[in-house]
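Model the full structure from these sequences, guided by the hints.
Protein sequences, first through last, are from chains E and H.
Residue 198 in numbering that gives the first Met the number 0 is what sits at position 199 of the first sequence, and the numbering runs on without skipping anything.
Residue 73 in numbering that gives the first Met the number 0 is what sits at position 74 of the second sequence, and the numbering runs on without skipping anything.
Derived from the structure by calculation, the hints contain no laboratory data.
Keep in mind it's a predicted model, so treat the numbers as computed, not measured.
Mixed in with the good hints, there may be bad ones.
[What the hints assert, rightly or not] Derived list of chain H stretches under chain E, where covered just means 3 residues or more per stretch with a C-beta under 8 Å from a C-beta of chain E:
no., stretch
1, 150-158
2, 169-183
3, 227-235
4, 259-273
5, 429-441
Note that beta-carbon positions come from the ideal geometry of N, C-alpha and C, so glycine has one too.
What follows is each chain in one-letter form.
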Amino acid sequence: MSKLDQFESAFKSASKARYRYSTLEFERVLVVTDLDEEAGRRFADDVKAFLSVLDIRHETHWTHHCARPEEDVVALLEAVETERPDLICTYRNLHGRARTYPFSLGSHVDVLCQATSTPVMLLPFPNGSDRLDEKCEMTSNIMVLTDHLTGSDRLIDHGVRFTSSGGKLVLAHLEDDATFERYMDIISKIPAIETEVARKRIGDQLLKEPADFIATVVETLSDQVADVTVFKEVRMGHQVDDCKSLVGEHDIRLVVMNTKDDEQLAMHGLAYPLAVELREIPLLLL
Amino acid sequence: MSASGGHHEVPAHVTYLFAGVLVLMVLSLALEEKIHAKKSLITGVFAVVSLFLGAAMGLLPIDHAEGPLNDVAWVKNVFGETLKLPVYIPAIDWGVISIILGSSLFVDVVSKSGLFTWIAIKLTKASRGVPTLLLTYYCVMTVVFSALLNNVTAMLIVGSLTAVSLNKLQKNELLLGFLLIEGLLTNVGGLLTLISSVPNIIVGNAAGIEFIEFFLVASPYVVVATAATIYLGARRFGVRSLETEEEKKQALEMVQSFDENDGIESRSFFWTATALFILFILTLATTSILPVVHELGMGYVALGFAFAILIRFKAEVDRFYQGIDWDLLLFFAALFVVINVMEHAQVLALIGSGLKTYVLSLGEASSSALLAASAVASAVTDNIPLAAMMAKIIGGLPEMAKPAAERPMDLWWAVVFGANLGGNITPIGSASTVVAVTVMHKHDLPVSFARFVKLAVPFAIMHIVLAIGYVVLFLR
Numbered sequence: 000m001s002k003l004d005q006f007e008s009a010f011k012s013a014s015k016a017r018y019r020y021s022t023l024e025f026e027r028v029l030v031v032t033d034l035d036e037e038a039g040r041r042f043a044d045d046v047k048a049f050l051s052v053l054d055i056r057h058e059t060h061w062t063h064h065c066a067r068p069e070e071d072v073v074a075l076l077e078a079v080e081t082e083r084p085d086l087i088c089t090y091r092n093l094h095g096r097a098r099t100y101p102f103s104l105g106s107h108v109d110v111l112c113q114a115t116s117t118p119v120m121l122l123p124f125p126n127g128s129d130r131l132d133e134k135c136e137m138t139s140n141i142m143v144l145t146d147h148l149t150g151s152d153r154l155i156d157h158g159v160r161f162t163s164s165g166g167k168l169v170l171a172h173l174e175d176d177a178t179f180e181r182y183m184d185i186i187s188k189i190p191a192i193e194t195e196v197a198r199k200r201i202g203d204q205l206l207k208e209p210a211d212f213i214a215t216v217v218e219t220l221s222d223q224v225a226d227v228t229v230f231k232e233v234r235m236g237h238q239v240d241d242c243k244s245l246v247g248e249h250d251i252r253l254v255v256m257n258t259k260d261d262e263q264l265a266m267h268g269l270a271y272p273l274a275v276e277l278r279e280i281p282l283l284l285l
Numbered sequence: 000m001s002a003s004g005g006h007h008e009v010p011a012h013v014t015y016l017f018a019g020v021l022v023l024m025v026l027s028l029a030l031e032e033k034i035h036a037k038k039s040l041i042t043g044v045f046a047v048v049s050l051f052l053g054a055a056m057g058l059l060p061i062d063h064a065e066g067p068l069n070d071v072a073w074v075k076n077v078f079g080e081t082l083k084l085p086v087y088i089p090a091i092d093w094g095v096i097s098i099i100l101g102s103s104l105f106v107d108v109v110s111k112s113g114l115f116t117w118i119a120i121k122l123t124k125a126s127r128g129v130p131t132l133l134l135t136y137y138c139v140m141t142v143v144f145s146a147l148l149n150n151v152t153a154m155l156i157v158g159s160l161t162a163v164s165l166n167k168l169q170k171n172e173l174l175l176g177f178l179l180i181e182g183l184l185t186n187v188g189g190l191l192t193l194i195s196s197v198p199n200i201i202v203g204n205a206a207g208i209e210f211i212e213f214f215l216v217a218s219p220y221v222v223v224a225t226a227a228t229i230y231l232g233a234r235r236f237g238v239r240s241l242e243t244e245e246e247k248k249q250a251l252e253m254v255q256s257f258d259e260n261d262g263i264e265s266r267s268f269f270w271t272a273t274a275l276f277i278l279f280i281l282t283l284a285t286t287s288i289l290p291v292v293h294e295l296g297m298g299y300v301a302l303g304f305a306f307a308i309l310i311r312f313k314a315e316v317d318r319f320y321q322g323i324d325w326d327l328l329l330f331f332a333a334l335f336v337v338i339n340v341m342e343h344a345q346v347l348a349l350i351g352s353g354l355k356t357y358v359l360s361l362g363e364a365s366s367s368a369l370l371a372a373s374a375v376a377s378a379v380t381d382n383i384p385l386a387a388m389m390a391k392i393i394g395g396l397p398e399m400a401k402p403a404a405e406r407p408m409d410l411w412w413a414v415v416f417g418a419n420l421g422g423n424i425t426p427i428g429s430a431s432t433v434v435a436v437t438v439m440h441k442h443d444l445p446v447s448f449a450r451f452v453k454l455a456v457p458f459a460i461m462h463i464v465l466a467i468g469y470v471v472l473f474l475r
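Next comes the structure, spelled out in C-alpha cells:
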C-alpha cells in the first residue's frame, strides 16, 4: 500500500458525514382499506389514534378510501393522485386473495409502494373485529432500520417525526454478515492481502461509519428535538433474524425503512423480505 | 597528459573513462522513470562497475602488503588489533546515512500517532473553508512539514488532504493549482533546516554548518519566497475568497465535519509522540552545544529518538523496519561509493578545475553562476549526486583550507539553494514534485511534462532570482 493512499485514507476517514435535521409535516393522510364502509371507518379511526403524534404540531387532514372489492390498482393510484396525500396507510395483501399465506405483500401494496413517491405505512392486517391490532397504541418505540445509515437523513427525519413525546428512537444499521463473509472468503484467496488484518479493519470501518453518524444525530437532536432518546444499534448479522431480535429487544412499535431503489423497479433488497416477515409490526416504507 | 591533484597521478584517459561512467549514471538517474529501474539499482550497478574498474586499474587504496595501512580504512578493536575494512565501507558517509535512517524511522512512527493528520485537519478547520485561507494555511503547513519531516512526507500529507478537502468543498477546479503550489513549496521548505533535505545534510556536514546557523541563514529567504509563491499562485490559479454569507456558512459546515481525532488511536501515544517530536527538533537544534551528544552527532540523535519511540511498539518493531525506504538508503550508500571511486580517479578534481575555470573565475558573480548552474543541473537529474559531488569539489578548493571566518560560504549556500530550488523547474526535478504529479494524475488532472514546466517555470524563476539576490546581498 502506498503512503499516498495511506494518508488519503486517513483524511477520508476523518471527513465525516453529518446529520442535518429537517422537520416534516404530514398535512394529508390517506387510509386505504378494502373493508366495508363501517369497518373501514373504525379501522381508520384506530390508525388515526395510533398516529396521534402527527396531530401535535398541525392538524392533519385524514381521508379514508374504502376500495370496492372489484377495484383494480389503476383506480387505487387514481385515488392517490386525487388526494395527493403526504402519507398512505394501508395493510398487507390489500385486495389480496392469498392473505393467509405470509409470502408477499400483495400486488396492490407492491404497486402502491413503488409507483408513488408517497411514504406508505404498512399496518398489520385488521384483526377478527376488523380493528387495528391493540398493540398498535402509540408510536413510542420506533426503529429506523437500514444497511446504510450514514447520510440517511430523510429516513431518520421520518423516525424522529413519528416518535411520540418522550419516546425511544432506535437507529439500527445492520451490515449483512453473509455478504461480508463472501468478500472475506475471496480476500483469503489473495496472497497480497493479509486476511485477518482485512477482516478486522474492514469490519471495524464498516461499523465505525454508521456509529460516527449516529453520534452526529444524537448531537443534533439533543439541540433541536429534546424529547426523543436515541439508541444506537450497529452490528453485523443476518438482516431478517437480527431485525426481528431488535424488534423484540426494544419493544419496537414502528419500523421505518427505505424501499425505493433508484437502480431498479423492484423494492430495495432489504425492505421486501422484512416487510413480508414483520407482519405484526407497522412499517413505514419510504 | 594526466589529471593531477588529490592523492596520486592518474592518466587523463582513465579520468575521462570514469567521467564517462559518471555521466552515464547521472543520465540513467535522470531517465529513471523511462527505464523503470529504482535509484538504488542504478547506482548499485554503477558502484559495482566503478569499484571493479577502479581496482583493476589500481586506483583504489587497496593494501596488498603486510604492514602499515595507508589509505585503507582501519579500526582498532578493544585488544588493540588493527582491522582492515573493505574499501567501499569507509567510502560511505555513515553520518548522513544514520541521519536519514533515524529521522525517517522516527517520523514514520510519529505519523502513526495521528499527530500530523491532527495538525493538518486543525488547520483545515481554522481556514473555515475559505479558499484563500485554505491555500495560505496549506502552503505554510507544506513549508513547515518539509522543513521538519522531509519534502516527500510533507507532499504526501498535504497533497492527500488537499484532494479530500477540496472535493468536500466542491472546489475540485482549484486542485491543480493547490497541488502545484504545494509541490513547489516543498522545495522551498526543504531549505529551512539542515535536516530538511538530503542536499542540506550533505552540504551542511561538509561545510560544517550547524543546525541553528543553517536555520537562521535560510529562514528569511524561506519566508519571503513562501509569501511570494502564495501571492503569485493565488493570482495565477484564480484562488479567491468566498463572497456571500451563504457560501461562507456552507464552507464552514463542510470543513467542520472533519474530525481531527479520527486518526488518533491512543491519546497517550499521541501526547508521547508530540513531546518526543518537539524534543527531537530541540535536540537537533542544539546538538552542537550539547555535551557528549555533539561528539556523537546528529545521526546518533536521529537513531536515538527512533529507538526511543519504537519502545511503544516493542513487539512489532519489524513492521516499521519494513516501511524503511531501503531504496533510498541503498541509493545513498552506492552513490557515496561511486563518488569515492570518482575522487580516486580524479574525476572530481577535473570537474573542480572546470568549475574554477568557468564559474569561480567569475569573481563577484561566481556564487550566482554556481547557484543557477546547480539549479539547472538538479532540474533534470537528482540533486543528491549533485550535492554530494559539489560538496567534495568545493571542500577541496584551496579557499576552504583558510580559517573558518575567511572561507567563502556563499559557494556552499549557492549549492544548497540551487540543488533544492532546481527541483521546481521540472516534474522530475525532485521526489516531492513527482508525488505532486502523482496526486494530480490520481485525481484525473492530466499534467504532461511540458505542461508542468509551463506552469512551474514562472515560480521557479522567481525562486532562483530571489535566491541569487539573497546569496549575493547577504551571504557573501
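Next on the checklist: If you test the structure against every hint from before, which numbers come out violated?
Outcome noted: 2, 3
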